[in-house]
Amino acid sequence: MNLKKTPGLDLKKSFLTLLFKWRGSLYKLCYRELACFLVLFCAISLIYRQALDGDQKSFFEKIVRYCEKYLNMVPLSFILGFYVTTVATRWWQQCLALPWPDRIMLSIAMYIPGCDNESKLLRKTLLQYCNLMAVLVFRTISEAVKFRLNTLEDVVNAGFMTKAEMECFKAVKADCNLFWLPGLWFCHRLREAQVQGRVIDPFGAQLIMRELLEFRSRCGLLWVYDWVTIPLVYTQVVTLSTYSFVFACLIGRQNIDNGNKDIPIDVYFPVWTVLQILFYLGLLKVAENMIHPLGEDDEDFNLSFLLNRNVKVINVGTHAFTSDMCPPMEGD
Amino acid sequence: MNLKKTPGLDLKKSFLTLLFKWRGSLYKLCYRELACFLVLFCAISLIYRQALDGDQKSFFEKIVRYCEKYLNMVPLSFILGFYVTTVATRWWQQCLALPWPDRIMLSIAMYIPGCDNESKLLRKTLLQYCNLMAVLVFRTISEAVKFRLNTLEDVVNAGFMTKAEMECFKAVKADCNLFWLPGLWFCHRLREAQVQGRVIDPFGAQLIMRELLEFRSRCGLLWVYDWVTIPLVYTQVVTLSTYSFVFACLIGRQNIDNGNKDIPIDVYFPVWTVLQILFYLGLLKVAENMIHPLGEDDEDFNLSFLLNRNVKVINVGTHAFTSDMCPPMEGD
Amino acid sequence: MNLKKTPGLDLKKSFLTLLFKWRGSLYKLCYRELACFLVLFCAISLIYRQALDGDQKSFFEKIVRYCEKYLNMVPLSFILGFYVTTVATRWWQQCLALPWPDRIMLSIAMYIPGCDNESKLLRKTLLQYCNLMAVLVFRTISEAVKFRLNTLEDVVNAGFMTKAEMECFKAVKADCNLFWLPGLWFCHRLREAQVQGRVIDPFGAQLIMRELLEFRSRCGLLWVYDWVTIPLVYTQVVTLSTYSFVFACLIGRQNIDNGNKDIPIDVYFPVWTVLQILFYLGLLKVAENMIHPLGEDDEDFNLSFLLNRNVKVINVGTHAFTSDMCPPMEGD
Amino acid sequence: MNLKKTPGLDLKKSFLTLLFKWRGSLYKLCYRELACFLVLFCAISLIYRQALDGDQKSFFEKIVRYCEKYLNMVPLSFILGFYVTTVATRWWQQCLALPWPDRIMLSIAMYIPGCDNESKLLRKTLLQYCNLMAVLVFRTISEAVKFRLNTLEDVVNAGFMTKAEMECFKAVKADCNLFWLPGLWFCHRLREAQVQGRVIDPFGAQLIMRELLEFRSRCGLLWVYDWVTIPLVYTQVVTLSTYSFVFACLIGRQNIDNGNKDIPIDVYFPVWTVLQILFYLGLLKVAENMIHPLGEDDEDFNLSFLLNRNVKVINVGTHAFTSDMCPPMEGD
Amino acid sequence: MNLKKTPGLDLKKSFLTLLFKWRGSLYKLCYRELACFLVLFCAISLIYRQALDGDQKSFFEKIVRYCEKYLNMVPLSFILGFYVTTVATRWWQQCLALPWPDRIMLSIAMYIPGCDNESKLLRKTLLQYCNLMAVLVFRTISEAVKFRLNTLEDVVNAGFMTKAEMECFKAVKADCNLFWLPGLWFCHRLREAQVQGRVIDPFGAQLIMRELLEFRSRCGLLWVYDWVTIPLVYTQVVTLSTYSFVFACLIGRQNIDNGNKDIPIDVYFPVWTVLQILFYLGLLKVAENMIHPLGEDDEDFNLSFLLNRNVKVINVGTHAFTSDMCPPMEGD
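Protein chains in written order, with our numbering: chain A, 1 to 332; chain B, 1 to 332; chain C, 1 to 332; chain D, 1 to 332; chain E, 1 to 332.
Wrong hints could be hidden among the right ones.
All copies of an identical chain are treated as equivalent in the list; a pair is satisfied when it fits inside any one copy or across any two copies.
To be verified - Calculated cross-link-like contacts (lysine-lysine; reagent style PhoX-like; alpha-carbon spacing at most 20 Å): (1) Lys170 x Lys57; (2) Lys124 x Lys312; (3) Lys146 x Lys170; (4) Lys69 x Lys163; (5) Lys170 x Lys62; (6) Lys57 x Lys69; (7) Lys173 x Lys124; (8) Lys21 x Lys124; (9) Lys170 x Lys28; (10) Lys124 x Lys163; (11) Lys170 x Lys312; (12) Lys120 x Lys21; (13) Lys146 x Lys21; (14) Lys120 x Lys312; (15) Lys173 x Lys163.
It should be emphasised that the hints constitute simulated quantities derived from the structure, not laboratory data. In this text, all values refer to a predicted model and were calculated from it rather than measured experimentally.
Turn these sequences into a full structure, and let the hints steer you where they fit.
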């Protein structure tokens, strides 16, 4: 039994070691833009040195100086900082909003006892309805899950839904997202169980019901995060500023004859300019990475892992009442 | 059945693709101001070049230098960053405060069973009272809903209220906003149902009641957001600074003969100045867009969509007890 | 029946229109300081030009340059940004902490039925105790309410308290703020009602009790906000910096003969300096305005409006059980 | 009966009036450092002018220029802003975590009735256990309370604990902080009361129990704030930067012959430098003041006031059932 | 009995005294990097002075000027401020998410009475299951606990688990983290106790169950913090910028002949540069220290202390019902 299933980073060491990771790294995210930049930068440099005559050169030098001035005109770092903070907050709140069936599972284990098959079936069905609700809402908001579970038939084949459930689901005609339908079934079955005396007391039914509502709210919250995104104009302002900065660097950082550049090293490889672009572009990529945490990027939440884990948890929770599962109490 | 009803952005791709959206975009929001700026900029440039004589020119050049100095005097980006963050927080909290009847619907489905017409009617009435409460509070705070549902008769015609309910509502004489009146009716009907034995146990009635209080609190919270706005003076400081910056650009960025501008390109189209104005004005528009999220702008919350969706949800929730709606439980 | 009682701003239009408001505006808050500044500025300018001889002038010019340097020494905008954000957060949290009796009113309407006079009286008394608690805590923390309701007799005359209640209140000898005393009476009456069978079940009594505790907590929270203010030293740092900046402007922005000012326009009216002062002073006024939101400024929370509204709400809630108040249920 | 016991600031007036407060003020906190600075500044100035010869002077002038450069090298205001915000957030959260027995008092008043001595004793004992828990946790985390209540005997003498309770407390042998022990006694007495029928229904016992858990959590939270402080390295970075800035000012702001200082006023009293140091040092003092809010500084929370207030509240709450305490209900 | 077990800082004194701490200090964290920097700095300085000839010198001087320019190009402090704030928020939220068994302990003490051995055993077993859950989740996410309790046998030896429990735990075959399994046992035992009448009423069982769910949620939250870390790219941007700044200092701060450095003091020990590096590197170390708060650094949460403390608390809570443990109630 392995203890750790999490694909998280090893954060115990110095940050310096993190600089040499590739997966989900700055380099992986920026190398395309950076390559373009370097190619264009060299091309412009070559043209300036080889193809232009004196007048053209001096005109070009004016443009360089003009672009160079712009580099200090927009306080890019500031607005990137605010934007990244806003995006990161949303990202983490979405992570906290992920629905977990564990609380419902424990409540059911407490209040719906019984080792007979019917009790087991009841417990399993209730928990599967919850997981199905999560599956259905994930299909709506996550490209990765949508790709894996494109039609309801795929959901059935993946084992999250039975055929009969699919029929019932399809039978409801309503022109809105019906991911919460299994929640209704849950209520129906829970009430039935209470009436039949399978729930040991009404306190239990109320507690289970409350946990269901909490589960439902989290699904709905995720859906709201998908419905209402950060206003386009904010993202555009930040993106436009960053890319126009990169573009201004392309020309404004050229090494010109009468400029204030002192050494030829810049011609061959503009070290600091590249670092500066990595800095600004990197921050933009941080935001790009976090604004849609349910996709298929390296850093996105692993929803498939979550759904499969839930199935296993439900299985353990359902069969938790065979006689040998609970250890005896022992005195000191 | 389409899965996705959300008009959200497609955030999976690079931010670069978002630069070419028009709806709710930076360009759509700023093009008027920008056009004015460019026309005036050119006009001033022409007057300077054509109409002024030497002394006037040198006087004008002094003004240009004077304005240019101002451009660095006020740290605009900083205060815009703080202001936008404050506004964005309010905006998102309002989004989270939107009332959804789903939790009440599930509670009712759990605790008020029955396939007979009276049970259905009871369930439907209770849920419609909630939605009516939302409608009434939205009419108060949202221009879009107010426009669509101007009088109570419009609300009746739109099907959110019955005639009898309108009479009852109008019969109450109180000089204050009465959007919570359907909540009182809800309590009355719920108590009646409990006394008649339609609610399976008092736990259920308490749970439904609590969800109603939660729903009521959210409506009230939205109303408070409308009642207490960000202090006018904060908005004025930010607006005044931004527009005085734009105005200073109009003169301070003119290309004058003895200035430190190097190339004539600025005369025809002041590229960087336009980008800088887009940057600052864009941030102001972000705030303008988000400070009143219940209006009719592109980015505003779609309350009509929400109300119509609620009606459909209520319908499904009400009729959820016909025998074939809940799938059978199946073992493995 | 008017829908909207809120004195809020019309935020649907462009921010530009907000620049021309007077009530609660930047101009209203700053015009005194600004007038002083301009008068002193002109006086100094006149003295420099008319009264000083050559040596004195050159000594004055040194002082001007010395002051001018200071203008860039302290990063005022930054610290003002942080301070305003802190104050604004407190301000909004106080707004959210305002106690509303609506939730208690609904709970009582659900669980304490009856159209007879005694039931009505019980409902009304309970709710009035809540409102009285709010009145008493507001008297402690708000100058506006304290002014209107200076003595307990004023509270009685305003109808928030009966004479008998005043006697009871005065009978308690304890050297601490007793605003929560009506809460004790509430508990007493509620228990009495439960014992007499006026509350339909103990679930109801518990729910009402919980809502009372919530109401009490909000009153207490407002009191804590009044008890523990932002540390004086923080406010002093910000105020001192802003005013020393304004003072430095008074001298440092004078147009001197050998200075780097280019045009005489500054002599008559220092446009940009005024805008800059409006900017910094405006931010300080934002904080001054929001740090004590329960006073009598234009932007302060309208507590009298709130208390009067509560009385009306309580009235409606109390009499909500005459037979014609609740509309009949109607099928489709 | 005085309404207001709070030692809070009068925040209704302009911030300008706050500049002339001494208690808890910027001047009180910084005058020592400032006096040192001025004495050293003058001493260095005198040595430079009187004791140094030409070569030494020119060497000293080099050092001055070197130090002056540093003043712009570290963006002090920025990091101070972030640090102060972090500290202020913690400070306020600790204030919100202070435990108040009022909610428990109201719950007990509702559910444990009776005017006989035993009921009174029960109510009083329960509430005193809560206050005792607060006393014990305050002794652990607050120097001021620890000083006043050094030994358990002091606690007994101050009336927060009886002798018998002290014996019981001391009888428990466990090598950990036992401030929560009175909570256990509370549970014991409450269960006893429920079994004896002194609590009117189990709903009441549950509600009282929940409020106790909430009270316990707040005590624990305060203890956690004491256990886990802001990492030392953060505080050190900020402190080191501020004091090295002040030190650099000491030399870098000297008025040297060949420097760019224009007027001799700086020699006698460096006005702006002092203001700047007040600014940065003041912000550091804001943090120093708020990082340990339970001490004995002017701005620290007045825990003794709180404990004494609680005793009075408990007294009122205990004796709230003599027949004349609750006013009669009166119709309109 | 010692009152204070917390290894916290003494924050009552001036921050100046904190500068001389070594444990967890800036110096301890940065001295390695700083030593490297100084050695390299001197080496480069020596090579420049001794080994280079005129042309090489002038080439080197160009490189110095080139690097010096970079030092102002990236607004490091800004982005470090945002990053540190983000990390510090996570760090504190993890601290608040630490699970404490105290609330469950009090609930059990209230609702599961009895001095007989079976009651004691039941109470102890329930609480040990909670602590075991904490142990198991800590093993997953904390290196320190994992090191101490590497195998389940170690957990048994440390007394957190019995042999029988280990067998039961190992008997469950599921390919996911099963730290919540003791929670299932808890539910089983609690239901058993309720059925046997050991819990005095179902209210109690519900309250205990709710506290268990809360405990479980906190364990899960800690696990989520371990699962989803701050995106690598954000950390890389910040780290890369800081170290490239240090590297640029290495060359750009060299004292060259034709540079604008004025005094030779810089050659022997670059005071201000070292302070500046301490400043930026210190902030990075703050983040490095706080990003993984469950490790073995000086500032990390002391989980072993926590687990041992819990064992003691559970012991006291279990045996809290011997007759002499609760003091008698005494009148005034």
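Legend entry - Which numbered hints fail: 1, 4, 5, 8, 9, 12 and 13
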